[in-house]
Every structure is written in C-alpha cells, then in structure tokens.
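The residues making up each chain are set out below.
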Amino acid sequence: MIQRLYVHNFRCLENFELSLKGMSSSLLIGKNGAGKSTVGYALEVLKRVARGTNRVGQLVQSKDFARGRSDVPIRFELEVLLDGRLYKYVIAFELPENFKELRVFEEQFLVDGKQIYSRKEAQVILYTTNSRNREAQFLLDWHLVALPMIQSQSETDPLSLFRSWLARMMILAPIPKSMTGDSKGETLEPMPDGSNFGEWFSGLLSRYPAAYTQVDKYLRGIMPDIQDFVNEPIGKDSKSMVVRFEKNNANLSVDFEDLSDGEKCFFLCAIVLAANKYYGPLFCFWDEPDNYLSLSEVGHFVMSLRRSFKDAGQFLATSHNEEAIRKFSNENTLVLYRKSHLEPTLVRLLSELTIEGDLINALILGDIEP
Amino acid sequence: MNKYRPHILVLPEDDADRELANGFVLELNSRNIQVLPPVGGWKKVLDDFDKKCVSGMRNYPLRRIVLLMDFDDRINRLSEIESQIPDDLKERVYVLGVLSEPEKLRSDINKSFEEIGEALANDCFNNTNKLWGHDLLKHNKANLERICLLKDEWFGETDE
Numbered sequence: 002m003i004q005r006l007y008v009h010n011f012r013c014l015e016n017f018e019l020s021l022k023g024m025s026s027s028l029l030i031g032k033n034g035a036g037k038s039t040v041g042y043a044l045e046v047l048k049r050v051a052r053g054t055n056r057v058g059q060l061v062q063s064k065d066f067a068r069g070r071s072d073v074p075i076r077f078e079l080e081v082l083l084d085g086r087l088y089k090y091v092i093a094f095e096l097p098e099n100f101k102e103l104r105v106f107e108e109q110f111l112v113d114g115k116q117i118y119s120r121k122e123a124q125v126i127l128y129t130t131n132s133r134n135r136e137a138q139f140l141l142d143w144h145l146v147a148l149p150m151i152q153s154q155s156e157t158d159p160l161s162l163f164r165s166w167l168a169r170m171m172i173l174a175p176i177p178k179s180m181t182g183d184s185k186g187e188t189l190e191p192m193p194d195g196s197n198f199g200e201w202f203s204g205l206l207s208r209y210p211a212a213y214t215q216v217d218k219y220l221r222g223i224m225p226d227i228q229d230f231v232n233e234p235i236g237k238d239s240k241s242m243v244v245r246f247e248k249n250n251a252n253l254s255v256d257f258e259d260l261s262d263g264e265k266c267f268f269l270c271a272i273v274l275a276a277n278k279y280y281g282p283l284f285c286f287w288d289e290p291d292n293y294l295s296l297s298e299v300g301h302f303v304m305s306l307r308r309s310f311k312d313a314g315q316f317l318a319t320s321h322n323e324e325a326i327r328k329f330s331n332e333n334t335l336v337l338y339r340k341s342h343l344e345p346t347l348v349r350l351l352s353e354l355t356i357e358g359d360l361i362n363a364l365i366l367g368d369i370e371p
Numbered sequence: 316m317n318k319y320r321p322h323i324l325v326l327p328e329d330d331a332d333r334e335l336a337n338g339f340v341l342e343l344n345s346r347n348i349q350v351l352p353p354v355g356g357w358k359k360v361l362d363d364f365d366k367k368c369v370s371g372m373r374n375y376p377l378r379r380i381v382l383l384m385d386f387d388d389r390i391n392r393l394s395e396i397e398s399q400i401p402d403d404l405k406e407r408v409y410v411l412g413v414l415s416e417p418e419k420l421r422s423d424i425n426k427s428f429e430e431i432g433e434a435l436a437n438d439c440f441n442n443t444n445k446l447w448g449h450d451l452l453k454h455n456k457a458n459l460e461r462i463c464l465l466k467d468e469w470f471g472e473t474d475e
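Those sequence lines, one after another, are chains B and R.
Just so you know, we're using this note's numbering here: the first sequence kicks off at 2 and counts up by one.
Just so you know, we're using this note's numbering here: the second sequence kicks off at 316 and counts up by one.
With the rest of the complex left out, here is chain R (with noise of 0.2 Å):
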C-alpha cells in the first residue's frame, strides 16, 4: 500500500467485522486497502480512531478510513459517533455496520461472515443492492453512497 496514493483502512470492532471486511477485500484485486486488527467494542473503535488514526490522517490526506461497527439495535448510534469525527476529517471517514450485529445478519442470511462480504463488495461494484438492501443494513445508505463514489480506490493497484 501506498501511503502517497489513494488507500483506505478498515477499522474493525471484532472478529465477526473483520471476517466480513476479509470477505470484501477478498473481492477487490487490490494493494490499497488495508484491513486493521479488531479493537474490541464500538466504544473502542472510536477510542482507536481518535488516538491512533486521526493524526495520520492528517498527515496523509489522501487516506480514508472506515469505521465498521456493530450498532446494536440503535439507529442514533450513527449520529453519535459521526458527531465525534473532526470537522477537517469528515470527508473521509465512513460508518458503517449491521443494525444489530453481524451474527444476527450470518443467521438471517445463512452465509458465513466473509461470504457476507464478498456479496457486499459484488453489490457496490454492479451497482445493485441485493444485500444493502437488507434491514439490517439499508441504514448505511448515505455512507454507502459516498463510499461507492470510491470504486477507482477500491480497485487502484491490482495484483494480477
């Protein structure tokens, strides 16, 4: 990954968000993502973001980062973490996460947590929204949509 280019970090709240988030860059032929170890709680991964994220960040302006988070059955969660985000930083930082939890979704579905996320990540790149479709995850629609404008990045450096 480059530092200097496009890239974005994924951070995740647990191992469920991270099995998913393997399962979306499992999908992308690329270098310029990176998905950062579990944190441990939703709590902690803004206590994450703002002690080990924000400053780098500010020191590479072409870095994005998305949160991924559990938001346990409350939709104002949402409201609550964006309101913690800098200002200057808003732009690229993107919430995202199951309604309840990813277990939830796993059983719903009947897909394992990384099968979830390649059917993600084949949503936003045809264009459809089979899965975002979801309850528990049409609330990520206006993150979503921003993050959709990112194909280019997704798909940058490619290993083949």
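Chain B with its partners taken away, still in its complex shape (with noise of 0.2 Å):
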C-alpha cells in the first residue's frame, strides 16, 4: 500500500511527505484550511491519470501552483507497496512563460528501483528487461500525461497491476444529496461525491454477487427492519435502487434517493468494506467520515473502516468529530498545520507532539502545532 507521497508546489502543499508505511488506516487532524482534503486533491490527480484522464489541463491548472508561483513545477511522487514490489510513479507538471496549459515536465514510473519508463518533456523513453529487446524512444505531446497511454504487455505486466490499483483507489467526500441510487451502467470506480453510487453497487454486485451478503449484513446491523435492497428498472437501460423495510408484517419500500443522507451514507461504507474484500486489497481516502452520522453511529462506521482494511489495503480519513478522533491513535494520527495562507502544511505524528492532558480539548483550544 501507499509507503510514502510527496507532493510540492500543489495548492498548500510545499515539499509537503506524507509517510504511510506501515500504517492500515491512519487519521489526518488539522484546522480548517490546513490541507487536510487537499491531500485527497493530490490523490485523486493521479487517480484521474489512471482513470484515463490524459489532458494535462483537466488534470491541473495554473491556480494549482503554490501561491502562483507557476516559475517551479508541481511534482506528484507516489510509493506504492503491492505484494512486496515497490512502485513508483513521478510526474511533474510545469508552466512555461507564454504556456496557456501547463505541460508534462517529467514522468517516471519505476518497480523496485527498476525503472520502466521515464519521460522528460516530450520524450519518453522505455526501458526493457529483456536483453533482445532495445529500448524504445519516442515523443508524445507534452500536454499529454504517459502512464495511461502505454500499452501494458499483459494484466500481470507491473504497469496494468499498478494503474489498475490506482484507477480503483476510493477518494471519497460524498454529498448524499447527489447520491440518486440511479444507474445507466456498472463500474468499480467510485466518484468522489458518490454521484455514481448506482453504478458501483450495481457494477460490484454483477462482479462479485456474494458482496450482496455482506452489504446486507453490516446495514441490517445497523438497520435492523432492513428487509432487503433491489435495482429495479426504469427504462431501457436505466435502473434505480429501491431498499424495502419490514417490521411487524408491515412493509415499507424507499427509493434511495430518498433515504436519509447517514443512511446513505451507511450504504457507501458497506460498498467501501464489500470492495476492498471482493476486488482488494484497495486504497480509501475518506474526507470526513463522520459527516451526516448520529454519534451512536460514527464509532462504529469509523471502526468498521478501520477494521476491514486492517488485514488488507489501507485507509486514511480526515476528521474535526472527536468520536471519530477518538477512534485513532497517537501512532496513526498525523496533525497537519498551517501558520497562515502565505506559508505551507507541515504534518507530523501526533506521536512525536507533547500534548498537555486530554487530545480533545488540546485540538478545542487550538494548542496542537507542529
């Protein structure tokens, strides 16, 4: 899983590392505006690369750079343990004097130090193992990201394996009022704001049909009257999913649309544990986790996050709820802080910070600072 990003010159963050070896799940605390989210910013650049999103200009823009400084390049550094080989990818983005849309800079991606491809502006070189084989050296639009573009040799080939674990990584920050529960389609690739929840359940359930179990037993421990969850058709190629309540002989059914935006919520985490299971081990970032939840609620949903990626994969939320806050600990909480908008994020383990009694009132008050 993620040992270690580095992020520099992108929004707040400046020569700003995270370092996750280690670490299953893992809290990011800070003040409003200390880039917290922003490293979901960060993440979910290179997931979009992943995805697809080759065009450098839906990728960043000039706003991106630290306080405008567009003359040093924005530089994504990303190291990635997946059974027992290390990844790395690198991409650098730069703007140059009269450039309307910034450019690829530098691109690499490397396994176990073992370079496979570097790039510097428009040129690529790729690198090969196989002694008969010369290196091949081409050109590519420098407004154009590579890693999606490179043919892989085949789905074992470490560049499949690495893009695919990063076009599935979950960035999430859901707005439950986008949360239709509609779907034209199946994918296992979640937006953020949970708009095509429709489509993941219904591209996870046609996958791995035996997630339903799973999905149905974590709500229905936390819905008891939850009788069971349906997609039903609306139209040639569309569906909506329909969840039914049963108490007493009694029936209820709801749209999803209209459940309530915890309950949405609910569902979601059980996708997040039913994916990480059946097409894991998975990345999860979770701006938030605690937002739309009753306090009964945000130990447990917090605690079966953690749970579930403990064994496999790896989670990392960001939080202000002392429950969920509480539900971390000094070894896996980082504190990101910022003095002002002029000066960078800094981010250290709470473990190596002297708090005076109780976390709680210490981040009350404001007294944790790097």
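Derived from the structure by calculation, the hints contain no laboratory data.
Heads up, the beta-carbon is just placed ideally off N, CA and C, and yes, glycines get one too.
You can trust all of the hints, since none of them are fake.
Computed list of lysine-lysine pairs in BS3-like fashion (alpha-carbon distance at most 30 Å, straight line):
1) B:248 with B:218
2) B:311 with R:466
3) R:453 with B:311
4) B:89 with B:278
Cβ pair distances, simulated, as ranges:
5) B:150 with R:424: 50 to 56 Å
6) R:387 with B:246: 47 to 53 Å
7) R:419 with B:249: 50 to 56 Å
8) R:418 with B:129: 53 to 59 Å
9) R:362 with B:186: 55 to 61 Å
10) B:16 with R:374: 54 to 60 Å
11) R:387 with B:370: 29 to 35 Å
12) B:361 with R:387: 21 to 27 Å
These two chains come separately, so use the hints to put the complex back together.
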C-alpha cells in the first residue's frame, strides 16, 4: 500500500511528504485550511490519470501552483507496495512562459528501483529487461500524460497492475444529495461525491454477487428492519435502487434517493467494505467519514472501516469529530498545520508531539502545533 | 449498538487506556461494544461510573461495563474500587488495568497500545494467556475469567 506521498508546489502543499508506511489506517487532523482535503485532491489527480484522464489541462491548472508560483513545477511522487513490490510513480507539471496550459515536465515509473519508463517533456524512453529488445524512444505531446497511454504487455504487467490499483482507489468526500441510486451502467470506480453510487453498486454486485451478503449483513447491523435492496429497471438501460423495510409484518419501499443523508453513507460504507474484500486490497481516502452520522454511529462506522483495512488495503481519513478522532491512536494520527495562508502545510505524527492533558481539549483550544 | 441486547461499555481512565481498548475492539468485529471518552484519572472513572453509568445499567439490564484503569502499583486499589460498586451491579462490572500504567507495559513489550489491545483480544479468543500472563497484567485473572465468558457478546452482531 502507500508508503509515501510527496507533493510539491500544489496548492498549500510544498515539499510535503506523507509517510504511511506500515499504517493500515490513519487519520489526518488539523484546523480548517490546514491541507487535509488537499491531500485527497492530490491523490485524486493521480487516480484520474490512472482512470484515463491524460490531458494535463484537465488534471492541474495554473491556479493550482502554490501561491501562484508558476516558475516551479508541481510535483507528485507516489510509492506503493503491492504484493511485495515497490512501485514508484513520479509526475511533474510546469507552465513555461507564454504557455496557456501546463505541460508534463517529468514523468517516471519504477518497480523495485528499476525504471520502466522515464520522460522529460515530450521525450519518452521505455526501458526493457529483455536483452534482445532495445530501449524504445518516442515523442509524446507534452500536454498528455504517458501513464494511461503506454500499452501494457499483459494483465500481470507491473504497469497494468499499478494502473489498475491506482484507478480503483476510493477517494471519497460524499455529498448524499448527489447519491440517487440511479444507474445507467456499471463501474468499479466510484466518484468522490458518490454521484455514481448506483453504477458502483451495480458493478460490484454484477462482478461479485457474493458481496450482496456482506453488504446486507453490515446494513442489517445498523438498520435491523431492512428487508432487502433491489435495482429496479426504470427504462431501457436504466435502473434505480429501492430499499425495502419490514417490521411486524408491515412493509415499506423507499427509493434510495429518499433515504436520509446518514443512511446513504451507511450504504456507501457497506460498499467500501465489500469492495476492499472482493476486489481489493484497495486504498480508501475518506474526507470526514463522520459527516451526516449520529454520534452513536460515528465510532462504529470508523472502526468498521479501520477493521476492514487492517489485514488488507489501506484507509486514510480526515476528521474534526472528536468521536472519530478517539477511534485512532497517536501512532496513526497525523497533524497537519499551517501558520497562515502564505505558509505551507506541515505534518507531524501525533506521537511526536507533546500534548498536555486530553487530546480533544487540546484540539478545542487550538493548542496542537507541530 | 442495540441497548436491548447484550452490550458492553468500556470506560477508560486516560488516552493510553482508550487506545488499548481501541486495539481490543479492532479485533472484535462487533457493534456490541462502545468505548466511552477517557475521563482522566482513576478516581474520575469511579465518579463517572457513579454519576453517569449506574442509572443506565439499572435501566438496561443487558448492559455491562468495563472500568479500564491504571493501578499505579497499588494492587489493593482493585478491592477498593470493587467495594464502591453497588451490589446489584457487581456481576455486570469488570475492573481491568495495568498494574502500574500502560506506558510501562508498552516499553516492556515494545508494542503500541493498539497492538497491546489486539494481542489481549487474541489471547481471549484463542484461550491463551500469552500477554494476560505478563507481570503487569496477571492480577486481572479473576475479572478476565469472568469477561471471557462473554465471548458470544463480544462477537454478537458483526460488520461482515
């Protein structure tokens, strides 16, 4: 899973290094504007590359330069451990003078320290481990990212494995009002706001029908009166999810769209847990998973996620909620801090800081500074 | 957590005990256990228990509570605490803790509090005594034996 994320000159992240080595789940805390969500945006850029967005202008814009500093490249570096192999992907974007759109400045992909391809502006070099083949060099439009465009040799090709893992990252900041439960297709690639929840749910159950049992069991723990949930056809190629409840021989059908915000989040959580189990190990970033939940559910919700990713996959959350924060420990809580909007985000492990008294009190008082 | 079904509350003395409890709960896969906010001191555990938990325990007969505290090297603290638990609730209250303090146990075995909690949970479910037999924990034997009888409750409703 993610060992290291390095981001430079992207919004408030300057020379920013997030080390998640050995952490199956971790939490980002810090004041508003400290940069917690920006970590998610940085991961989102990389995820979108793997999902096929290769036009640089659709990934980063000039406003993304930290404090407008466009003479320094925006850089992302991601190191990931998958099946014992260390994958490293580096991409940097720059905006030369008189350019309207950013271009690729540098791009690299390495496995266990060995280069698979490297790139400087338009010049791409594909390396080979086969002695009969020579390196291949070609030019690529510098406004296009190479990662989604290079043909992999097979599904077990390191490039294919990494791209697939990166594309399936779950970067979530759900907006329940956008989660309608309607679907016109299937996917295993959720959108951050949950707006393609219906497609994701259909994709999961279509590929992994046994996931239904797990989703059902999780939801039944929270909503004991749930009977089942079905995807009703509402047109030639469209379906809409309906949730049915039963209690004392009385039944009620509710369109998914009409569930409460919190209930929609329970469904989302159920799918995250099932996805990690059935087509994981996956990485999940959830921006404030406690949003929309009652206090009695926050702890169970967070612990379910932490538990699910304990043995496989990786979970990274942000939170301001004291009940959520208490479900983590000093060794897996990272504090993000920024002195002002003109200064970059700093990050420290909570265990490296001296906290006087209760952590929550210190957070309320704003006393936690790296 | 369904308060009309068997459930367990954990009242930790401080953040170290809270992290230890989190580690334990991570191994359980259950919605029947809830770790409450730490209270900050063993006397406050008793105060909070008395003021905030006693009436709830009487209202909900299937509620049990673990008081997780440090003994600060005073073994007689256990009997002192147990003597302050109302007789009608004694059967549903469990007092557990490190003989000195969790920080000492952490440095002794070189594990984080969460890892210690996980190891203690695994001991319970595997019927082993690897960590519970540690010098700083073995005084919990009587309460541990009672608590291990609750395995079905720990495992009650699961997430998966």
